[in-house]
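Student: Sequence:
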Amino acid sequence: MRKTGGTARWLAAVASIAILLAPLTGVRADAAPNPRFVVVLKDSVEGQRASARLERAHGFTSDFRYRAALNGFAASLSPGQRAAIEADPEVAYVVPDEKLAAVGFVPLAAGESVPTGVQRIGAATPTTAHEASVANVAVIDTGIDLSTQPELNAVDGTNCVAPGTPAQDDNGHGTLVAGVIGAKNDSTVGGIVGVAPGTKIYAVKVLDANGSGSTAGVICGIDWVTANAAALGIKAVNMSLGGPGRNDGSCGNRNHDPLHQAICRSAGAGLTYVVAAGNSGVSFARFVPAAYPEVLTVTAMSDCDGQPGAAGTSIECTLLFPLLGEQDDTFASFSNFATRQTEIAHTIAAPGVFITSTFPFGLTFEVSGTSIATPHVTGAVALCLGNGATPTAPCSGTPAQIIQRLRSDAAAHAAAVPGYGFAGDPQHPVGNRYYGNLVWAGDY
6 MRKTGGTARW
16 LAAVASIAIL
26 LAPLTGVRAD
36 AAPNPRFVVV
46 LKDSVEGQRA
56 SARLERAHGF
66 TSDFRYRAAL
76 NGFAASLSPG
86 QRAAIEADPE
96 VAYVVPDEKL
106 AAVGFVPLAA
116 GESVPTGVQR
126 IGAATPTTAH
136 EASVANVAVI
146 DTGIDLSTQP
156 ELNAVDGTNC
166 VAPGTPAQDD
176 NGHGTLVAGV
186 IGAKNDSTVG
196 GIVGVAPGTK
206 IYAVKVLDAN
216 GSGSTAGVIC
226 GIDWVTANAA
236 ALGIKAVNMS
246 LGGPGRNDGS
256 CGNRNHDPLH
266 QAICRSAGAG
276 LTYVVAAGNS
286 GVSFARFVPA
296 AYPEVLTVTA
306 MSDCDGQPGA
316 AGTSIECTLL
326 FPLLGEQDDT
336 FASFSNFATR
346 QTEIAHTIAA
356 PGVFITSTFP
366 FGLTFEVSGT
376 SIATPHVTGA
386 VALCLGNGAT
396 PTAPCSGTPA
406 QIIQRLRSDA
416 AAHAAAVPGY
426 GFAGDPQHPV
436 GNRYYGNLVW
446 AGDY
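Our numbering applies: residue 6 is where the sequence shown begins, and numbers increase by one.
Derived from the structure by calculation, the hints contain no laboratory data. Hints are not guaranteed to be accurate.
Said to hold, decoys possible - The following label-pair restraints were derived from C-beta to C-beta distances:
id	residue 1	residue 2	range
1	Gly286	Gln312	19 to 27 Å
2	Gly314	Ala350	24 to 32 Å
3	Gly424	Asp48	47 to 55 Å
4	Thr66	Ala37	12 to 20 Å
5	Asp448	Val287	15 to 23 Å
6	Thr397	Thr133	35 to 43 Å
7	Arg54	Thr170	24 to 32 Å
8	Pro84	Arg259	22 to 30 Å
This structure is a prediction, so every number in the text was calculated from the model and none was measured. Beta carbons: idealized from backbone N, C-alpha and C, even for Gly.
Throw the hints in and build the complete structure from the sequences for me.
Tutor: Below, the structure is given as structure tokens:
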């Protein structure tokens, strides 16, 4: 599922099952369409004018024109068209738009209760929950269930898979992520509550029903969020996506990484990106966007009862977790981690094992992965940016400052409450693996 080719990267929604793609039959080889490329224009060039000029000159139509997060476009090109565009003096570089295979969470069980992960980070108690954030959130994923999931205050953002249609989730991954962020605290609905219950979440669909997408589509989502964030009040962005890649230390300018360039520009516009560390049990230094220093990267820890102390007595704690190689209040066995200061500086942890969340058709499922750890932190970022109980927001400043506020608050709480952490956090390290402190949302 993961392929490295030049500077283009495969991205995959970070979870725990693989999607098998069946080959097409009955299609002549000479009928194959031209491949798609991402074309990045020089910063000094006016993008819309240059895109239109290149289309006229070389006889193609762009699939996406980027206006905010990237100066460029994506289009299907013949070899001759690609060569001519690469030689154009207004073009910085051209890279293939590699396909990606997205994966979903593993559904384990169906289940107004407080999920253990939400309780473990202090976002709710068995009887209380936070109010909605005054900051809105975007989920760049498979879309969100906009029609059959009453637990969510989800609204249509954009659909980069089928432009012009609602960003409806036909896979489930994005709806699971959204539930952890903002499932409602509403007695007329019942079910579960999220970290920031009732927060408005914009659905940004970049992956299709089979979990398939492309670099161009993901950048399309980032571009839409960047262009519309100010008008819609979007402040935080969840990206439970990832694939092989590296940080070049220059926002993708040295290694021609358009995804990194797009995220850097978007963060520069004031958006805080929260991303998954990945599920391979290795350093995320070669996993993007987790490796990018402009994002807050989330590792996963294991908690079975919503309480610290590794003393859970439920069947999950005593039977299910051990059977699957997990332990209460310990780093998740599958979670990627940081090893170098470059990555350590933007790492934080959250619960990511057997987390109950929303699913399409009004269902709830229990799932695992750094994908489901990530929205715990996105919800905490939203709360820190202000909610009904704290109109004076604890978090302010640039995305980099907000990221460090979340990390410093987590470290301060771990120091003040020694039992709060987990095996694998900085107070209880495991070799050179850095999982970060467990996020703390209780003071927001």
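Student: Give a verdict on every hint.
Tutor: Tested hints:
no. : hint                        : verdict
1   : Gly286 / Gln312: 19 to 27 Å : 26 Å, holds
2   : Gly314 / Ala350: 24 to 32 Å : 29 Å, holds
3   : Gly424 / Asp48: 47 to 55 Å  : 51 Å, holds
4   : Thr66 / Ala37: 12 to 20 Å   : 18 Å, holds
5   : Asp448 / Val287: 15 to 23 Å : 33 Å, violated
6   : Thr397 / Thr133: 35 to 43 Å : 20 Å, violated
7   : Arg54 / Thr170: 24 to 32 Å  : 29 Å, holds
8   : Pro84 / Arg259: 22 to 30 Å  : 26 Å, holds
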